[in-house]
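Participant: Just so you know, the protein sequences line up as chains E and P, in that order.
For the first sequence, this note's numbering gives the first residue as 184, with consecutive numbering after it.
For the second sequence, this note's numbering gives the first residue as 124, with consecutive numbering after it.
Simulated from the structure, these hints should not be mistaken for laboratory data.
In this text, all values refer to a predicted model and were calculated from it rather than measured experimentally.
Even for Gly, the Cβ is constructed at its ideal location relative to N, Cα and C.
Please note that the accuracy of each hint is not assured.
Calculated pairs, EDC-like style, for lysine to aspartate or glutamate (alpha carbon to alpha carbon, straight line, at most 20 Å) [what the hints assert, rightly or not]:
| id | chain 1 | residue 1 | chain 2 | residue 2 |
| --- | --- | --- | --- | --- |
| 1 | E | Lys510 | P | Asp210 |
| 2 | E | Lys342 | E | Asp370 |
| 3 | E | Lys510 | P | Asp206 |
| 4 | E | Lys342 | E | Asp247 |
| 5 | P | Lys225 | P | Asp206 |
| 6 | E | Lys419 | E | Glu435 |
| 7 | E | Lys419 | E | Glu393 |
| 8 | E | Lys510 | P | Asp171 |
| 9 | P | Lys294 | P | Asp283 |
Looking from chain P toward chain E, a few residues come up when the C-beta cut is under 8 Å (computed) [to be verified]:
| id | residue |
| --- | --- |
| 10 | Pro146 |
| 11 | Gln179 |
| 12 | Ser191 |
| 13 | Asn203 |
| 14 | Ala208 |
Simulated DEER-style distance windows between Cβ atoms [said to hold, decoys possible]:
| id | chain 1 | residue 1 | chain 2 | residue 2 | range |
| --- | --- | --- | --- | --- | --- |
| 15 | E | Lys342 | P | Asp138 | 50 to 56 Å |
| 16 | P | Asp272 | E | Arg444 | 39 to 45 Å |
| 17 | P | Gly207 | E | Gln387 | 56 to 62 Å |
| 18 | E | Pro219 | P | Ser166 | 51 to 57 Å |
| 19 | P | Asp272 | E | Ala386 | 40 to 46 Å |
| 20 | E | His439 | P | Arg229 | 53 to 59 Å |
| 21 | E | Ser527 | P | Asp206 | 21 to 27 Å |
| 22 | E | Arg579 | P | Asp206 | 29 to 35 Å |
| 23 | P | Asp272 | E | Ser451 | 47 to 53 Å |
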Amino acid sequence: MNTIEKAGGQPGPGPDSAGDDGDRVRARSATMSFGPDEPLALDSGVSLSPFTIAYETYGTLNADRSNAVLICHALTLDQYAASLHPLTGKPGWWPFMVGPGLPIDTDRFFVICQNVVGGCMGTTGPKDVDPKTGKPYGLNFPVITIGDMVRAQAMLLDKLGIGDLFCVIGGSMGGMQVLQWAAAYPDRVFSAIPIATAARHSAQNIAFHEVGRQAIMADPEWKQGAYLSHGTTPGKGLAVARMAAHITYLSETALHRKFGRNLQDRDSVTYGFDADFQIESYLRHQGSTFVDRFDANSYLYLTRAMDYFDLAADYGGVLANAFRGTKSRFCVVSFTSDWLFPTSDNRQIVHALNAVAANVSFVEIRTDKGHDAFLLDEPEMFATLRGFIDSVARTRGLAE
Amino acid sequence: MSNGNGQIASRVDLDLIAQMIAPGSRVLDVGCGDGDLLALLQSKKNVDGRGVELSQEGVNACVARGLSVVQGDADTDLANYPDGAFDYVILSQTIQATRNPKEVMRAMKRIGRCVVVSFPNFGHWRVRLKLLFTGRMPETRSLGYSWYDTPNIHLCTLLDFASLCEELGLKIEDAVTVTGDKARRISRPGAIANLLASEAVFLLSRRG
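Just chain P, with the same shape it has in the complex (with noise of 0.2 Å):
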């Protein structure tokens, strides 16, 4: 299962985004790659989902599964959509592809009541341990690209994470990190989940 990105996206991270969506609400999924999750969204919780998805094979095998989905960059194409139009915009593996990471979260938090976001933790001991002793860029499970042809342009820790949210004034409802396939709700960010998980699912709100 891989997104448009390339990037392996556990079925954890799948189930995980779905555990946190309400029945019946209204999705868009930013980089929703074959569909799989919007499929998943669509059986399980009954959303009235849509997708937007930058590889035009992808968009045309989740138009061929019946899901709504048009081509589009989450960097330039979500400034067509209007604001609150959605209960929940989806950003799974993707955020670390966009061009301009703050603005699309910028986006996502104009177009939809909650933001859910999730993305390989780069501060995870592994990565950290790797840069260390082979004094070369990391290459993981979830990094799994030399650095010349990553998409992956702008990777970021849990604490990154956190504190983006913060200067745009989105309120972390949830947070769950996943260590190889366990799964681990978290309060807050600290320095022991950032040296954990490899990866991580944020739901967001709008703050006040």
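So that you can see chain E by itself, here it is in the shape it has in the complex (with noise of 0.2 Å):
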């Protein structure tokens, strides 16, 4: 195991930043490598091996080993949830949530953020070297699943020695992980926070990034998948794929409020095909930062490990038995102009879990803000997932 200390990532400013209170969060850099004697079996029936996870940890385990809060990230997020991006140099991508005295107290619990398998952040993917040919896996590597993310960052926690986790929180695809987690190790689950998420993914979603991954095919560059071995970068279609994706991440509402129909800096429109309208230029820009950051394949896999998503399915159809005879505590949060997961397939998670009796809260956040919201600076969301998760650490015994 390499660990590099380091000063993390001051929180703020982020675009809808209220400001920096000047906290930093003390992170370590760290991964794991599990050898040949260590394979990680995958839902597909292969199995992954050699591999390495690439994580970040912030605050200090306790004596009790019992405070510990697994942070899962979304599609195109990464370990990097309170601490610099070493590509961007740009800050944590959670920085309301994770901290000193904010939601997940850096001060209080000991933080752990996995790159997903199948990401390009460190943690085993598709760009990575296959053993088996000395080249990049491209297409060559296995199609990973939600579960099999999750069976990754079990077999971590289980080399770090941490049994059980406090706190399994994510949004998106994060919360996918935590509701994996909560129907595959309910034992090692005391309470989880499924954030703007699903119990499987909707046709409509699995639509998105169908056309997301025909834009990174379509690109000449991308070369079956071997891009990395003929020296190209499928950029033009991962950053299509970007832009596309991102505009649902957001809201007509909120679009219309920061973009309305603006020129970019120009008085009037061009009568061509430049980005005339500050939404046009907003769009082009996410996509090509997007490119200078992740893996063209990485976004291929991962997409299609939430497209196979389907928890239900895994317990005979009915959703509320992956949750049967469940001790954790949950609290499901969406958010109300989140069309991507909206309130109500987060209601069909709240239901399955009342079905068995189980332990839930949910909230609905009022924002215009869609399903980025859970990035965002949502004062509502904060106030009700601090009282949930200082309910939580009560009754854990965890000091205040």
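If you follow the hints, you should be able to join the two separate chains into one complex; please do so.
Facilitator: Put into structure tokens, the structure is as follows:
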């Protein structure tokens, strides 16, 4: 295991930041390697070996090992929840949630955030070298599921000597992992906070992902996934995929408020196909910066993992069966303007939990910021999550 | 203090309900408002408490104070709960605001070993006199709405409620009436109690 101690990211200021409180999070960057004797058994029937997990930790594990919090990241995020991103130099992606005195209080909890299997920020994924061929995996990388991601995370925790987690929390694809954790390892999950997510990916969401994947595959630089061996990058395709996806993370109201029909650095339309409108310029920027930090094949694999996610299907078609007998305490969170993972999807999770008389809270946060609201400054979300986490911490016997 | 229906719930009402709940039991509070009753039951009776509340503001307030509450509608969402999941299912000052009180009561009977219901008594003499002498829909302390904007769409009297319990096979284990700030235990709801009580709290169990 390699560990680097470093000064972590400063919370804020994101695009909707309310300000920077100047708190610094002490972050530790580490990797853990799993050799040929510790393969990751995948849902597809094959196994991945050897493999490495890259992760960040914040805070200190207490003597009882009872204060561990696992943060599960979303599709295009990574382990840098509260630390500087090595490629972009930007602060962590959850500056309002993770840090001293914040709802996930790094003074009280030992926080772990792992890059998922199939990702591209240090955990083994399609851009890494396949030991069998000596070349990057590309499309020879096995298909990964949400279940596989969680199984790998559990293997890392085993190695770290962390039996059960005080809390597993995540939004979007991270929320899917939270549900998978609660279903697959109920005894290891004291509390679970799935945010803006679903127990199964909808047809509409699969459709959006397919558009993104086809954009990547249509890029001649993609080279059937072997672009690294060819020394090319399917940047155009990946950028288009990102642009399309980014729209789904916002809401019509937020887009209108932020951009309207405003023109970009000009007084009138050009009667051409330049980025006349601010929204076009914004999306192009989102696309081009994404290419600098994300691997196109990882995007294919991780979107596929979300598409395949259908928790009920693994439990006889009845979602409630996934949670039968659970002792975990749940807090499900949705956002009014999220049309990618709408409240109705989140409510299905709540209904399944009610059906097994689980201990569940459910809040819908009123916001016009769309799906991405879970990453932004949403005081009502922080207030409710703080209340939930503090109350669960009291039950767990963790000091204030 | 108000619950999700904007109904004024007296402290007396909450205390009376708390007295009926056995310590350490599993409780579902349907229409839990801001969570005052759940918080009281958790601190005084150490219950394992859950809540259902219609208004999202109420739900968020409950969760922020550490209570397990989901947004939901008593009329539709009780169907998700399994049989016998709770020792007590409580409907505090909410039954009159449900669309189908009989079905809600039936669902509560299915989910809980015991059912606790508190409600404003429409048979109270003050209500009767107001209607008799003013010829208008009564507005009282516990019924503070105009007829056109009231959430209280299914008001009943003590006697009405008692006959619904009879019909649903619910046995009255305990009944307390409230007049002003004074609580009185009654053996069975009769004509006098129906005249004097402004509110009532019933503890019910499945018959047989």
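Participant: Now tell me if each hint is right for this structure.
Facilitator: Do the hints match the structure? See the list:
1. Distance check on the hinted pair: Lys510(E) and Asp210(P) sit about 18 Å apart at the alpha-carbon level, within 20 Å; holds.
2. Our distance criterion of 20 Å between C-alpha atoms is met by Lys342(E) and Asp370(E), whose separation comes to about 17 Å.
3. Taking the CA atoms of Lys510(E) and Asp206(P), the gap is near 18 Å; set against the 20 Å cutoff, the hint holds.
4. Distance check on the hinted pair: Lys342(E) and Asp247(E) sit about 16 Å apart at the alpha-carbon level, within 20 Å; holds.
5. The suggested pairing of Lys225(P) with Asp206(P) holds, with an alpha-carbon distance near 17 Å, which does not exceed 20 Å.
6. Our distance criterion of 20 Å between C-alpha atoms is broken by Lys419(E) and Glu435(E), whose separation comes to about 25 Å.
7. Only pairs whose Cα atoms come within 20 Å are accepted, and Lys419(E) paired with Glu393(E) is accepted, the gap being roughly 16 Å.
8. This hinted pair checks out: Lys510(E) and Asp171(P) have alpha carbons roughly 12 Å apart, not beyond 20 Å.
9. Using a Cα cut-off of 20 Å, the hinted pair Lys294(P) and Asp283(P) holds, with the two alpha carbons roughly 15 Å apart.
10. Look at Pro146(P): its Cβ only gets to about 17 Å from chain E, farther than 8 Å, so that hint breaks.
11. Because the beta carbon of Gln179(P) sits about 5 Å from the nearest beta carbon in chain E, less than 8 Å, this interface hint is met.
12. Taking 8 Å as the C-beta contact cut-off toward chain E, the hint placing Ser191(P) at the interface holds, the least distance being around 5 Å.
13. Hint on Asn203(P) holds. Least Cβ distance to chain E is approximately 4 Å, under the 8 Å limit.
14. This hint holds: Ala208(P) has a C-beta 4 Å from the nearest C-beta of chain E, less than the 8 Å allowed.
15. At roughly 53 Å, the beta carbons of Lys342(E) and Asp138(P) sit within the given window of 50 to 56 Å.
16. Hint check: Asp272(P) to Arg444(E), Cβ distance near 41 Å, so the stated range 39 to 45 Å holds.
17. A C-beta distance of roughly 38 Å is found between Gly207(P) and Gln387(E), which places it outside the suggested range of 56 to 62 Å.
18. For Pro219(E) and Ser166(P), the Cβ-Cβ distance of about 56 Å falls inside the hinted range of 51 to 57 Å, so the restraint holds.
19. At roughly 42 Å, the beta-carbon separation of Asp272(P) and Ala386(E) lies within the given 40 to 46 Å, and the hint holds.
20. Taken as a hint, the range 53 to 59 Å is violated for the pair His439(E) and Arg229(P), whose Cβ atoms sit roughly 47 Å apart.
21. The supplied range of 21 to 27 Å is met by Ser527(E) and Asp206(P), whose beta-carbon atoms lie about 26 Å from each other.
22. Taken as a hint, the range 29 to 35 Å holds for the pair Arg579(E) and Asp206(P), whose Cβ atoms sit roughly 30 Å apart.
23. For the pair Asp272(P) and Ser451(E), the supplied restraint of 47 to 53 Å holds, since their beta-carbon distance comes to about 52 Å.
Consistency note: the structure conflicts with the earlier hints numbered 6, 10, 17 and 20.
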